[in-house]
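Visitor: Sequence:
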Amino acid sequence: MSICLKDITIENYFDVLNLEVHPNQRNFIASNSISLAEAYVYDKIGDFIAPLAVYDKEALIGFVMITYDQKIGISKGNYLLFRFMIDQRFQGLGYFKPTMDAVIDFVRTEPAGKATSLWLSYDPENKHARSCYLHYGFKETGQVIEDEIVATYDLTTKN
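The numbering of the sequence shown is the numbering used here, which starts it at 71 and goes up by one.
Wrong hints could be hidden among the right ones.
Derived pair list, reagent style DSS-like, types lysine-lysine, alpha-carbon separation capped at 30 Å [claimed, not checked]: (1) K76 <-> K127; (2) K184 <-> K114; (3) K184 <-> K209; (4) K209 <-> K197; (5) K114 <-> K228; (6) K167 <-> K197; (7) K228 <-> K197; (8) K228 <-> K184; (9) K209 <-> K167; (10) K184 <-> K167; (11) K76 <-> K167; (12) K76 <-> K209; (13) K197 <-> K114; (14) K184 <-> K76; (15) K127 <-> K167; (16) K76 <-> K114; (17) K228 <-> K209; (18) K228 <-> K76; (19) K167 <-> K228.
Restraint-style ranges between C-beta atoms, simulated for each label pair [claimed, not checked]: (20) D193 <-> S103: 13 to 21 Å; (21) T186 <-> L163: 30 to 38 Å; (22) L87 <-> K127: 18 to 26 Å.
Everything labelled a hint here was simulated from the structure, so no lab data went into it.
Just so you know, even glycine gets a beta-carbon here, dropped at the ideal spot from N, CA and C.
Construct the entire structure; sequences and hints are all you get.
Guide: Below, the structure is given as structure tokens:
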């Protein structure tokens, strides 16, 4: 496995739009088309946003979107993993950890500024996502935002 994050380009955007989670997971995450539309809007208002394609060598396997909370959100001064999805064809093959490692490595380059935490949220019904995130080292904060559980990863630790 050789995971890397790549920019969304004219060459790969349509393939990214065609990535999908399993049908029983669709209520847990926005589609990639919604995510790319959100990225466009966030970029237009001057916020840092990084929609990234996830590749294993040359195979497109997923999509992540990372933002930096520059304003007054609960994650102010930290990064937020806004989207994390592995295409249904590649789920269950061990891609979660190496993809999350790539996300952490990307955030640690401080593309939008210094931070001590990576924040995310997930639907309480999404037991598999919760298990993956907690096993990786995310800690639930006890906060619930828009009916989702908030968890953070300490970027000052080694993974």
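Visitor: Against this structure, judge whether each hint is valid.
Guide: Here's how the hints hold up against the structure:
no., hint, verdict
1, K76 <-> K127, "11 Å, holds"
2, K184 <-> K114, "22 Å, holds"
3, K184 <-> K209, "20 Å, holds"
4, K209 <-> K197, "15 Å, holds"
5, K114 <-> K228, "34 Å, violated"
6, K167 <-> K197, "17 Å, holds"
7, K228 <-> K197, "25 Å, holds"
8, K228 <-> K184, "16 Å, holds"
9, K209 <-> K167, "16 Å, holds"
10, K184 <-> K167, "23 Å, holds"
11, K76 <-> K167, "17 Å, holds"
12, K76 <-> K209, "27 Å, holds"
13, K197 <-> K114, "35 Å, violated"
14, K184 <-> K76, "21 Å, holds"
15, K127 <-> K167, "16 Å, holds"
16, K76 <-> K114, "21 Å, holds"
17, K228 <-> K209, "15 Å, holds"
18, K228 <-> K76, "23 Å, holds"
19, K167 <-> K228, "14 Å, holds"
20, D193 <-> S103: 13 to 21 Å, "20 Å, holds"
21, T186 <-> L163: 30 to 38 Å, "32 Å, holds"
22, L87 <-> K127: 18 to 26 Å, "21 Å, holds"
Taken one by one, the earlier hints fail for this structure at numbers 5 and 13, listed in ascending order.
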